[in-house]
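Build the complex from these two chains, which are given one at a time in their own frames, with help from the hints.
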Amino acid sequence: MTTETTSDKGGGGSGARGVTLEGVRVRFGGEAVLDEVELTLPPGVTVLLRGPNGAGKSTLLRAMAGLLPFDGEIKLFGARPRTLEGRAAFAFVADVPVLFEDLTVREHATFVSRAYDRPEAEEATLSWLERFELGPRLDEFPGTHSRGMRHKTALALALGAGPELLLLDEPFNTLDADARVTLAEALRQRATDGHVNLLSAHEQSLESDLGARVVEVRGGHVSALRG
Amino acid sequence: MFRRRVGRTYRWVGRTFGWSTILYLLFWIALFVVGGVQSAAPLATPLPAAALPTALDALALLALASVALQRTPPVVMGRAHAQLLGLAPWPAARVLRPRLVGYFISRVLVGGVVGTAVWLLVSILFALSAPALVALGATLWLLRSALATLVYERNRAAWPLLAAVSLLAAAGVASGPLGYDQGAAATFGAAVAAGAFAVLSVTITLSGQRDAYPAGYLYDATMVSEFRSAVFFAVMTQNAGALRRRGPLARSRRRRGRRAGRARLRLPAPPAQYGALGGVAWRSALSLLRAPLLMKLALLGALGYIYATLSAGVVGGLPLAVLGIAAGFLASWLLGPTIEPMPLPVDPFARGGGRVLPGVVAAGVLFAALAIAGVNRGGSVSGSEAALLAFALLALATVTLEKASSWLHVSHREWTTWGLSGLLSGTILWILSALGGPGAIALGALGLAFFALLMLP
Chain A
0 MTTETTSDKG
10 GGGSGARGVT
20 LEGVRVRFGG
30 EAVLDEVELT
40 LPPGVTVLLR
50 GPNGAGKSTL
60 LRAMAGLLPF
70 DGEIKLFGAR
80 PRTLEGRAAF
90 AFVADVPVLF
100 EDLTVREHAT
110 FVSRAYDRPE
120 AEEATLSWLE
130 RFELGPRLDE
140 FPGTHSRGMR
150 HKTALALALG
160 AGPELLLLDE
170 PFNTLDADAR
180 VTLAEALRQR
190 ATDGHVNLLS
200 AHEQSLESDL
210 GARVVEVRGG
220 HVSALRG
Chain B
0 MFRRRVGRTY
10 RWVGRTFGWS
20 TILYLLFWIA
30 LFVVGGVQSA
40 APLATPLPAA
50 ALPTALDALA
60 LLALASVALQ
70 RTPPVVMGRA
80 HAQLLGLAPW
90 PAARVLRPRL
100 VGYFISRVLV
110 GGVVGTAVWL
120 LVSILFALSA
130 PALVALGATL
140 WLLRSALATL
150 VYERNRAAWP
160 LLAAVSLLAA
170 AGVASGPLGY
180 DQGAAATFGA
190 AVAAGAFAVL
200 SVTITLSGQR
210 DAYPAGYLYD
220 ATMVSEFRSA
230 VFFAVMTQNA
240 GALRRRGPLA
250 RSRRRRGRRA
260 GRARLRLPAP
270 PAQYGALGGV
280 AWRSALSLLR
290 APLLMKLALL
300 GALGYIYATL
310 SAGVVGGLPL
320 AVLGIAAGFL
330 ASWLLGPTIE
340 PMPLPVDPFA
350 RGGGRVLPGV
360 VAAGVLFAAL
370 AIAGVNRGGS
380 VSGSEAALLA
390 FALLALATVT
400 LEKASSWLHV
410 SHREWTTWGL
420 SGLLSGTILW
430 ILSALGGPGA
440 IALGALGLAF
450 FALLMLP
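The listed protein sequences derive, respectively, from chains A and B.
Count the first sequence with numbering that gives the first Met the number 0 and you get residues 0 to 226, in order.
Count the second sequence with numbering that gives the first Met the number 0 and you get residues 0 to 456, in order.
Hints in this document: simulated from the structure, not taken from any laboratory.
Each hint should be verified, as a subset may be incorrect.
To be verified - Not the full set, but computed from the structure, chain A residues with beta-carbon under 8 Å of chain B:
1. Arg-26
2. Phe-27
3. Ala-64
4. Gly-65
5. Asp-70
6. Leu-83
7. Arg-86
8. Val-95
9. Val-97
10. Thr-109
11. Ala-114
12. Tyr-115
13. Phe-140
14. Thr-181
As the list claims (entries may be wrong) - So the derived label-pair ranges between C-beta atoms look like this:
15. B:Leu-407 to A:Phe-27: 17 to 25 Å
16. A:Val-95 to B:Phe-449: 18 to 26 Å
17. B:Gly-13 to A:Pro-51: 24 to 32 Å
18. B:His-408 to A:Glu-21: 53 to 61 Å
19. B:Phe-449 to A:Glu-21: 51 to 59 Å
20. A:Asp-94 to B:Ile-21: 47 to 55 Å
Where is the CB? At the ideal position from N, CA and C, for every residue including glycine.
Okay, chain B solo, but in the shape it has when bound (with noise of 0.2 Å):
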């Protein structure tokens, strides 16, 4: 499939401009690039180097404003993703995905190349080498292009991410904690972090759109399908040769459209009289089980890093905080999926605990499991304690999160809400962690945890 497509391109390169023409050009721009490169010379009088933050903080904050005006698709798309779009079950995260994943590389690509030119800009006026502004030009365009995404999709949480990732950048250049000067470790840590981030807040804002779509994808999937073809028919036609079981799209997108559309997986109803809080945890326990294998691998997998970091010692001050935020993501993941907008006869407390035991309780399991085994670092606290505090800090995050999202009515796999309730979850540890040993974060947190579910709306 991938190699059909790249011969295709291939031809329809050579066909279209001529592969001579193409080297005729690139062979000329490469020879006036090293040509300018090995001709710049610094500025007999550099400019103060006072100047340069002010100056990085303009080309940064113009970057970012320029998000502003993003009113086209993020990716381009054609029929075949309108189809996949419009008319099949598929996950809006997985039919973008290819494309976004190019988008997103090209962006790294093209932010590279704008960070060299400013890093030769930069030695030539001010006499400074700055390699690191390569990685950091990589991340801000591609940090600039996460948040045109969901400026496109028309998320909210767009523009307040938006002005803070505005502030942060002005702050991180001005003061200059990266070490754009030095190309340091920390620069290149950061910028991958950054860049990985916003990548995930796209990634994540679509895999909790099963339903609703981003419409405009969907709009303009079928504009660009209709400039592109001519014959919005052609779709039509194609799509009843998939239900006739004829014609080149039908058979593998058929045969796993037909997977996608029956339940494989399922657990016996709860008895009638747990009612509603039995049927919305019932609901989540499903949500679980049918969650794709390797995110089930990789929600394992972070679990056991939290106990595997609380059994080492790490039970308070900042690094208990940086668990938290943590484990508000894995909460996002645990939490099961919400009652709205169908108006059910649903008091909180049925919808938030149907909501919030299966996963917790999930991931008590595995710590208890964990604890029992022995699995221990070797810290100050033992095994049950380091479960203990796990299950507890779960336990709170995803409660958080639970009465973050109905509040909000916000997705909770929205990463500004898990964000939101995981930063709340960490200070309300750290400061635990202030009042007291392991024993009792643990006991305050699930106090906290249970007066939330039992008190707040």
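Okay, chain A solo, but in the shape it has when bound (with noise of 0.2 Å):
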């Protein structure tokens, strides 16, 4: 079972000014993958998923983004993830980046500024683009690109378009040296401007790197929030 409600570190209500579960259960097949999750992000934290393989923290992230169906409440900045509100609140990176193979890594900025409706976001993207060394590629279309480099990519998009929330599935497993430093950054300087971040990473050095706070997933069970 669960779990912990935290107190609201960034004062306010917790629904409107951050992210809450209350009795969220995924199902696969009848079986429960995650139980009763209880959990309450309050503004400026990142927050690290943590546990084993197959825990799930990959599906909590899923539910999160409004990918799988769940029973239970989900409220992201005050809105539900399906809703148009709730989606314009977050960004998700999967572990495996989803890219539309039709457009360029340049065409990508375009079009997701344009879905976001935030024209500032389409620079901003191109400049997380050039931090993370992809300047000399952007007229390429993503197929051709390494996983790393797909990875990247999807991280520029969802920086770039500055959301409240970020969900990022294991965003390390394929950065270079430099790209873990450059979103390492990213992600503390979020935090300071009062956005979330949660993301699901096994690297203990994490926590400090980040300035994190730690949920471990197991078993379908999510513990306290602590740090």
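Structure representation (structure tokens):
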């Protein structure tokens, strides 16, 4: 079972200014992969989801992104994940990044900024792509890129869109050393700006590198937020 | 390239079996077949002709039911296919096309042989001559192979399609509308159409899969690759050679791969104030612009044909419904790409409008140009009426397809999706044509399309 509800560090109500999960349960074929998850994430935190393979970390992130059906309630800054407001509140980067194979990297920046209706996101994304050293590859289709490069593109799109909540599934796994430093800096800055970052990861060092708090996921149950 | 492959195959067959052995076997097989056919005589008391449809039904259903057992890839692939599917940015349809074409041709031949054998049996047992069974056999085998391919690809459409085809086959053979006992021209026309339809469905399914290959092909290609060469490292070594500009595999494929990897055609980005609608429409327009030239020409020809048919006065009843179904197919090429599975905050109107508008507007411009140029086949409708009706027909079919594919979460290039939306559009047009003339049909269709775009999720 679960769980714990943290107090709201940022003040204000928990629902509208943070992320809340109440009694969330996800089943695959009748079996509960996540069971009665209760969690509250206040603004301005980076939270690491820890746990063995198959514990339910990715499932939790996908449910929060509205990509899996679930019982219970998830509120992302006051909105449900599948509503337009909910979708505008977060960006999700899966462990195998999803990109549009018919668009070049530069066109991704344009398209995603229009989809989020944030014109400034295009420049921001291009700037993140430069920082991830993808500047010379902007006019290429991501289908020709390595997994690491695709991951960088997806991360740049998510960071550039500047949502209040960032859901990242094992984002450091395929990155080179420089990109890991860049991403860590970005996540720290986002938390300072009052945004929420929720990511799954296995590296022990990330807790201190990111100044992150930790949630243990094990056997479908979610532990207390600590750190 | 082709000559080299033929030469290599010729030498391999010669080394492995020996051409003299093969010729010797072929000679005796031909002798036995000719002897068997010549000695075949009808039964003194033929079986009742009424039993023939049932027997043919059973045979057809048995052949179709065997599709359920399909577990192996329809085509054998090797190292090069594994590389092209897994490591290069080639669409699955392009990688598999040569093998699939060979596969389907061989199935037609096998089906033809089976049909000939059945024809022979029918003439002996029932004392009936049914040469059309050759064409029916070839078509049935082709259909069976196309369905087996869809089953292997784990295509969701495969099972309902199999059920539908089985029912049609049962009904068709039982009632004998194709004239299996006469070899009528209709039989061959229907056979060719059904075969082409089956093959087209497989091709379209694969064409829509640029980013998500049917996984089985890649796994099986890799397995075959490993079994065949027993040196998977050879794949990697060759690939490394390709990257270092060496190796026999490298040069042409690397060049083509690089070309495929960069955008050649671009469109300026839409102004930011158009938001998500502008963004989705821009992407749809890009997709149309970057479609293969041959496809664009075929699309133009098909759109022109629709206009010409309408201007010839075909503006009502069943023919209009059939045009609606055809428009469903054209809509699958006119509709922009989906935004799934990325969870973007795009509302249904922006998504639908953005995907539909560029293709439909382009078609509208073409129809208007044809009307202004005075193209008219002398029917009872004017050029402008034909253009308006063609535009409305396309708009309705494209909107219906967008809604169907979004609702079902199935690609609009899947033939089941466009088939379904085409049927729906055709039915709507049929009903509308009973209520009024071309103007009323066009207005009704446009109104319904706009309503669906605005109100449906």
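> Does the interface hint hold: is A:Tyr-115 within less than 8 Å of chain B, judged Cβ to Cβ?
Replying inline: Where the cut-off is 8 Å and the nearest Cβ of chain B is about 6 Å from A:Tyr-115, the hint holds.
> At a threshold of 8 Å, is the proposed contact between A:Thr-181 and chain B supported by beta-carbon distances?
Replying inline: violated (23 Å)
>> Checking hints one by one. Is A:Leu-83 an interface residue toward chain B, by the C-beta closer than 8 Å rule?
In response: holds (5 Å)
>> A range of 53 to 61 Å was offered for this pair. Does it hold for the Cβ distance of B:His-408 and A:Glu-21?
In response: Check failed, 28 Å falls outside 53 to 61 Å.
> If you check the beta carbons of B:Leu-407 and A:Phe-27, does the distance land in 17 to 25 Å?
Replying inline: Distance hint for B:Leu-407, A:Phe-27 holds at roughly 22 Å.
>> Checking hints one by one. Is A:Gly-65 an interface residue toward chain B, by the C-beta closer than 8 Å rule?
In response: Holds, about 6 Å.
>> Interface hint check: A:Thr-109, Cβ to nearest Cβ on chain B, cutoff 8 Å. Holds or violated?
In response: At about 5 Å, which falls below the 8 Å cut-off, the nearest Cβ of chain B leaves the hint on A:Thr-109 intact, so it holds.
> Is the hint on A:Val-95 kept, meaning its closest Cβ partner in chain B is under 8 Å away?
Replying inline: violated (11 Å)
> Does the nearest C-beta of chain B fall within a distance shorter than 8 Å of the C-beta of A:Arg-26?
Replying inline: violated (20 Å)
> With 8 Å as the cut and Cβ atoms as the points, is A:Ala-64 at the interface with chain B?
Replying inline: holds (5 Å)
>> Checking hints one by one. Is A:Asp-70 an interface residue toward chain B, by the C-beta closer than 8 Å rule?
In response: With Cβ-Cβ at 19 Å, over 8 Å, it is violated.
> Minimum Cβ distance from A:Ala-114 to chain B below 8 Å?
Replying inline: Constraint on A:Ala-114 satisfied, holds at 4 Å.
Going down the numbered hints, you'll see the structure goes against 1, 2, 5, 8, 14, 16, 17, 18, 19, while the others check out.
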